[in-house]
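If you read the sequences in order, they're chains B and D.
Counting in the numbering used here, the final residue of the first sequence is number 1885, and the numbers go up one at a time with none missing.
Counting in the numbering used here, the final residue of the second sequence is number 1885, and the numbers go up one at a time with none missing.
Watch out, some of these pointers could steer you wrong.
If several chains are the same, the list does not tell them apart, and a pair holds so long as it fits within one copy or across any two.
[Stated by the list, open to error] Listed below are the simulated EDC-like cross-link pairs for lysine to aspartate or glutamate, each with C-alpha atoms no more than 16 Å apart in a straight line:
| hint | residue 1 | residue 2 |
| --- | --- | --- |
| 1 | K1566 | D1827 |
| 2 | K1755 | E1836 |
| 3 | K1621 | E1464 |
| 4 | K1566 | E1806 |
| 5 | K1876 | E1765 |
| 6 | K1755 | E1669 |
| 7 | K1532 | D1501 |
| 8 | K1532 | E1496 |
| 9 | K1617 | D1649 |
| 10 | K1527 | E1780 |
| 11 | K1755 | D1692 |
| 12 | K1876 | E1806 |
| 13 | K1566 | E1508 |
Source of the hints: derived by calculation from the structure; they are not laboratory data.
For reference, the chains in residue letters:
2 protein chains.
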Amino acid sequence: MTVLTYSLTEVAQQTRQAAIHLAVASPQAKNQALEAVAQALEASSPDILAANLEDCQRAQASGLAPALYARLKLDAAKLEGAIAGVRSVAALPDPVGTVQLHRQLDTGLVLKRVSCPLGVLGVIFEARPDAVVQIAALAIKSGNGVLLKGGQEALQSCQALVKAIHKGLSQTDISANVVALLTSREETLALLNLDQEVNLIIPRGSNEFVRFVQENTRIPVLGHAEGICHLYVDQAADVAQAVEIAVDSKVQYPAACNAVETILVHAAIAPQFLPALIPALQAHQVEVRGDTATQTLVSVKPATEADWSTEYSDLIVAIKVVESLEAAISHINQYGSGHTDAIATTNVQTAELFMNQVDAAGVFHNCSTRFADGFRYGLGAEVGISTQRLPPRGPVGLEGLVTYKYQLQGQGHIVASYSGLKARTFTHQNL
Amino acid sequence: MTVLTYSLTEVAQQTRQAAIHLAVASPQAKNQALEAVAQALEASSPDILAANLEDCQRAQASGLAPALYARLKLDAAKLEGAIAGVRSVAALPDPVGTVQLHRQLDTGLVLKRVSCPLGVLGVIFEARPDAVVQIAALAIKSGNGVLLKGGQEALQSCQALVKAIHKGLSQTDISANVVALLTSREETLALLNLDQEVNLIIPRGSNEFVRFVQENTRIPVLGHAEGICHLYVDQAADVAQAVEIAVDSKVQYPAACNAVETILVHAAIAPQFLPALIPALQAHQVEVRGDTATQTLVSVKPATEADWSTEYSDLIVAIKVVESLEAAISHINQYGSGHTDAIATTNVQTAELFMNQVDAAGVFHNCSTRFADGFRYGLGAEVGISTQRLPPRGPVGLEGLVTYKYQLQGQGHIVASYSGLKARTFTHQNL
C-alpha cells in the first residue's frame, strides 16, 4: 500500500483523475474490469482469508462486541458470495449514457440530457470487509472513483481485498487508481471535509455512525440514520390479514431498518384486533408495549413517550390506539423517520388518503413494511436506502451513483438571434 | 400581518400543516387558486405600487446602490409582468402525481413511484419584490408551502404582495397559510436552521449571498454561487463561427451567469483566431485580458492567475492559449464552476471528448453558452440553475420542486413468503 505515503488530498485528486477516464470507459471495458477483479479476488482468496483471520484474532483479543465480530469475520462462503456479487453487478444494465431528454430547440440546435458518473464516492463503513468488494464493483460499474475507509478492526482484510482489486484492474484498461483505500482513523473526518474532491458520501454502519457522518459533512450523504416504520391498522382492516402483516413486519428480520417499530390501531377495531395480534406476536417472543388504551384491552407492558421515537431493531413493538386516520397520519409524520409506513384497510379511499398524506419514501397498503428494499423493488442492486426528501429517495439502485449533464449541439447558434425585431422562436420539439 | 406574533418555528409548522393539504389538491384546485391570486394582485395593484414607492423613497434616502434600487423598483409594467407570470405557471403541466415507475413485483403486489411535493420551501431573496409573486406561484403549482424572506429594503412591497396573495387564496380551497412572509432580519439565519420544517432553500441574490446561504445550512440549496463559463476554440474550429459564438457568449448579456468569462484558444489556431476575435470584442467595448502567449499575438492587457477564477459579470474577458484539448479540459475542470462550457470545433471526435470529460451541468458544441437557461431548454419555468453534481443539475424547472415516493399496493403480501423452502419469486414485470 503506497497510499500511506501520500496526503489524503493527493490520493483523492489521483482518484478523481483516474475517474475522469473511467467516466468515458465503454460498458464492455467496465464489465471486463469487473470480471478481472472477480478473478483476482478468487486467486487471492487464501491471502484475503489469512488477513481476515489476523483481524479476527486481534478483534477477539481486544474483546470486540459479538455483533461487530460477526460482521468482521469473512469465511470462504462469504467471500465467494461477495465475488458472485461483483459478477452480478457486471450483469446489470450500464447506468451511464442514458439519454433522459432529447429535444430540438431549433433547426440544428439539439439538446440531450445524458446520465453520467458523479465523480468520486467516499464510502465509510464499520467492520464488514466484504463491503469493500460490493462498493468497488458498484463504483466501477457506475463510472465513479471511490475512496474506501473501513473500520480499523478490518484493516488487514481491507488491505488484502484492495490489493487483489488493484491486481485485477492492473490487467485491464481501467486504472487501479479508481479504487483507493484510506487506512488511518484521522482520515475519516478529513474525508468528510473533502467537498472539492468527493461528490457523495455513503456511510455503512450503525444509526449513530450515519448520523455522525450526516452532521459532519457538507458533501451529500446517501443513507439513513433511522428506520422508524409504522403499520396503521384502520377500522376497516381485515383482522386476520392485518395480524399477518404486523407479524411479518416485526419478526421476519427485526434488525432491518424496514421492520415495524410502532403499530397504530384505530379505536373502533382495537377490541377485535388486539386480542388477535398479541398472541401472534408473543408466539415469536415479541415484547409488546402499549399505551393506556391498549393496556385496557390486552395485557402488555406500558409504552412511554420515548417508545414512539425508538428504533428497537429487536423483537419489541409499541402499540398505540388512535381515534382516526388523521391522528394516525399525524403521529407518523411527527415520529416517523420517513422510511416506510403501511396501512391495513379494505377501504380504498382511506388507503389513498394515507398514501398521499404520509410523508415517507415508502407508503404501503396491505403488505409488509419489509418489502422496502432495492432487490424486492427490482432495482438490481441496492446502493442504500435514503430517507432524505430530495431524490434519490427510498431504496436507491445504481442510478443513485450517477447524475446527468445537458449536452447542446449547435451549428454556430447564438442567443442574439432569438431577441430583437426579427427574433427566431424556439421549436422545443422532443425527438 | 399576524405572522409577527408567532415564532418562526410556529409559522413554519403552520405552513407545513397547510402544505400537507395542498399536496393532495387537484391540478384544477391549484390552477383556480393561481387565477384567484392573479386577480387579487390586479385588484391590489394600487396598494402594491404605493407600498413599493415607500420602499423606494426609503431606499433613496438611505443611499441604496443603484443596481439594488433598480431591482427594488416595481412599476406597473413589472407588476403586470409578474401577474402574467402567475397565469403562465398555472398553464404549465402539473408536476405532481406523475407515475415514474409502475411495476408488478408479484401477482397482486404492485409498485408505483409517483412524484409528490417536497413539503415546504424556504426562499430568501434580496431587494426584488416581484420574486415573491413568481416563487409563490411556483410553490402553489408544485404543491409546496413556502416561507418567503425578502430584503429589509423591500419590506412594504413584500407585505403588500403577500397580503394580496392571501386575499386571493382566501377565496379558494387552498389555505392562505401555504404562503408565509418572514419580516425580520434575524429570521434569515433562523430559517437556515429549520432542517425539520424546511425541505429546500432557494436563495436569490448575489454570488456572495448564495455562498453565504450554502455555507450556513444543512438544508439542500437550489442555486449556484458562481458561473465561470468557458469557450474552448479548438484547432479545428471554423474561425468566423467561433468569433460569433465568442462575442454572443460574452456581450449578449454580460451580467448573466451563463456569459463566458474565459476563452481558451488552441495554439495552432491562435494566430488566425485571435486577430479576428479581438476587434469583434472591442467593437462591443469588451476589455480583453490575455496570458503571455496571447499578448505575443495581439495587443491586450495582461491576465493574471486571479483572472481564471473570476466571474466578471461585465464586459471583460480573459484569454489563454492552450497546447491541447487535454490542457483545455484540465483548465476548465480546475477553474470552472461546473455551470456551462462550450467548444468550437468542426471535429466531431474532439467535441465528443470535450463534452464527455468536461465536468459541468452544460457542455455545448458550436453554440453560445448563453443558451443555458430553463426557458431556452423548454423547461417551462426556471426555478434556478444548479451547479451541484447530484440532480437536479443545470437549469431546473418545476421538477426541482418535487420529489417522489414509492407506493406499494398489496393484498396481504408478506416477505416471509419469499424466503425458505417454498419461496415465491418476484416477477418484476413493468406495467
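Quiz item: So which hints don't hold here, by number, going up?
Solution: The structure conflicts with hints 2, 3, 5, 6, 9, 10, 11, 12 and 13, although it agrees with all the remaining ones.
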